[in-house]
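Visitor: Here's the letter readout for the chains.
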Amino acid sequence: MLIVGEIINTSRRRIAEAVEKQDAAFIGQVAKDQADAGAHFIDVNAGTFVDRETEYLCWLVKTVQDAVDLPLCLDSPSPKALSEAIKYHRGEPMINSISLEKERFDEMLPIVTAQPCRVVALCMTETAMPVTIEDRVQAGAELINRLTAEGVALENIFIDPLVQPVSVDTRMGNAVLGAIKTIMNDFPGVNTICGLSNISFGLPARRLINSTFLSLCILQGLSAAILDPTNKRLMANLLSTRMILGKDEYCGDFIDAYQNGIINKE
Amino acid sequence: MSYQTLLDAVIKGDIKTAKEETLKAVDAGQKAQDILDQGLIEAMNVVGDNFSKGAIFVPQMLRSAKTMQECVEVLKPHFKENAMTTKGKIVIGTVKGDLHDIGKNLVGMMLEGAGFSIIDLGVDVAPEVFVDKIKEADADVVGMSALLSTTMPSMSLTIKALADSGLRDTVKVIIGGAPVTRKYAEDIGADAYASDAGSAVLEAKKLLNIT
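Chains as they are written, first to last, in the numbering used here: chain A, 20 to 285; chain B, 5 to 215.
Only chain B is shown next, with the shape it has when bound in the complex (with noise of 0.2 Å):
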């Protein structure tokens, strides 16, 4: 069976039709698992690659995520037993002292749209608090965001805590906001930097060996 017009209808954003195209697939007899990855994750996957090359806006790409979620929800009766796989689970926070949210907000949703379990632990996350839900979660990956000098170096706090508690050898470390750099990601031993919500998802696949 062919997605195109699903793919095409989240790719545009247009949530009747995804929601339409979404049902009729089911109708169909189509695996809730096909849907969503050849469907759902591989339209976002365009939308993430489009976005960034430049090629859309923002509001484009928050308009596909939600045309996504609604689809998901659609999809969510027909799965078996929570039987819908994952391609990992990821912790998201940004760190102690900044209440900055909403290029973490982003980067979740497009993580989300690219099949990852998001955990989105919100602001003002103490380097324990991390340690503790990625413990409870068995996360694969922790991804940091922070929009202040000052709060930067909350990040190395994070890592060393992780070290402390042995998790590092279990999880790999994003980090990402405004003045956080490339070079300050290779000092403080994060395991990848993301400078934008696409190339966060790049990374995670990345670090994940997911192709």
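Same shape as in the complex, but just chain A (with noise of 0.2 Å):
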């Protein structure tokens, strides 16, 4: 299971404060944190900032890669910003995302096979958000055949389903959930991706929610998921779920998690 570590989004109070305040420091130990609970992607998301997103997307990609030896989650709808950002990436980052959006397809393309890298595919379909598992399979598939038509190795090819809140539509759980299995086995190679916490919008207990969801999703075949790894309940969730899932050879990496502290005796 690949984790994509979440929390370098400027969306979050305090990382837009670091950020604006140039603070290496602060960022840096984030993104190690990040590191030390078994991040294996750092996620870095500058979109609150409309007019300086590229400026400080760049600047995030060398902090990040100051502090961690990790390759990075480039995270922006916008192709400028990931294009001048992807210059200062070390190693083969992950491009999140590109879409069916007709611009932004076109726009993305060039940037995700100029170079080595993983890119995250949004399921949306050219006009709308995806409602049912066929809206999403279809344009998943759509995405994984025009993208490997362009030389994206199949196995670099990440598709996020697009999770969408149960509180508005209680079909949108089983509407993701049943996608992931379907793309999963149809596209033997292929990975899934998604986050979590749109799930739960609208909600109370969303940590709860969020980490039910994450095993449900991982039962259907999720390969990676982009979250918070400090939050150490939703680790010891995933970690126990993949080897309750036969996913964790002589249950290594769940002995391993509880005896460096990751997980917690009850």
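No lab work stands behind these hints, which were simulated from the structure alone. Treat the hints with caution; some may be incorrect.
As the list claims (entries may be wrong) - Here are the simulated DSSO-like pairs of lysine-lysine, each with C-alpha atoms no more than 30 Å apart in a straight line:
#1 A:K106 x A:K81
#2 B:K139 x A:K40
#3 B:K100 x A:K121
Hey, can you piece these two chains together into the complex? The hints should help.
Guide: Next up, the structure:
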């Protein structure tokens, strides 16, 4: 299970403040904390700074990679911000994201094919957010076909089924779970990825909901998640779910995490 | 006549009881407009307050809004010749290039519950479409939503388009969406920023001097 640490996002107040103050020590520490907690990629998102997004995203790339030796998930809907930020990135980044919306696809394609990288592809249709399982599977299949035709390796594609709140429509949980299952089944080797927190928008006890949802996603075959790895209960849930589903040989990751203090005794 | 049972039913989202109470009030000779104002809209004000305070959650708000809609359907035949008064006409939409609709839909529902007429233009709405529809509807307020940093500038473009077409002085502008901030609203010359559906109602009322 590939983990993308989600904390460095300027929609979080403390991150936004640190970015504005160019507080490299603070950002570096947040990156280290996530790396220590088991993140494989560190997400960087400066999307709330509309006019200065590119500048801040570039700064985040440098600052985070000065602090940790991990690849980053460059997170922006803006092709301009991404194409600049990628110049500062060492190693193979994950680019988040491309979708079938015509303009976005056309502008992002040269960026994701210019160098080896992983790419997050959103199951948006060209004109609307997906509602059903079929909407998602159709968009996912088209993304996979078009990206692989352009030379992107299947295993570098991370399909995001787009999680939407169950508070607004109680069918939204099953829509994502069903889509993960079908896509993983129809395209062996491809990855699926999602953020968790949208599922619980508008509801209380969001951490509980997010954590339960993660387990169900893993059951359907989700292979990557964007989450807060410093949330110990969430990580404990992730590790125990994988183990129970036979994805953790000799229960090694689970036991390691316990012995390293990531999982506490009850 | 007291509308307490109706109020309670709408607040709870009890569609069956609410419809029965609406019919009862009609049969008792109450004016449809009074039932709407003192029963349904009043109940939705409470729901909006509770939501803004964090006392209730999105599904409960939706259930109340659905209950109100069903009651309005019951009332409709009892209004004389479209005599239903509106608190104001509000055009809403998600801006060009942006397909997110969940927040915008919640806002529309709560504004409707508060007694406004809503013209929902959907998603990916270009500035010129906003302008045309605002003109056509003679709208009092326009509400714009954006969920992407890349589409937020379209809010600013729409405000410019309103100015260019001479509508800026006649229509108030409210904006919102996850990456949108109060500061951004000020920067682009919007009249108000709304952080959620409840505050969108409050801001709309404030802008139109409705108590």
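Visitor: Hint by hint, say whether it matches the structure.
Guide: Verification of the hints:
Between K106 (chain A) and K81 (chain A) the CA atoms are separated by roughly 10 Å; this keeps the pair inside 30 Å, and the hint holds. Straight-line distance between C-alpha atoms of K139 (chain B) and K40 (chain A) comes to about 44 Å, which puts the hinted pair past the 30 Å bound. With a CA separation close to 13 Å, the supplied pair K100 (chain B) and K121 (chain A) stays within the 30 Å bound.
In this structure, the one hint that does not hold is number 2.
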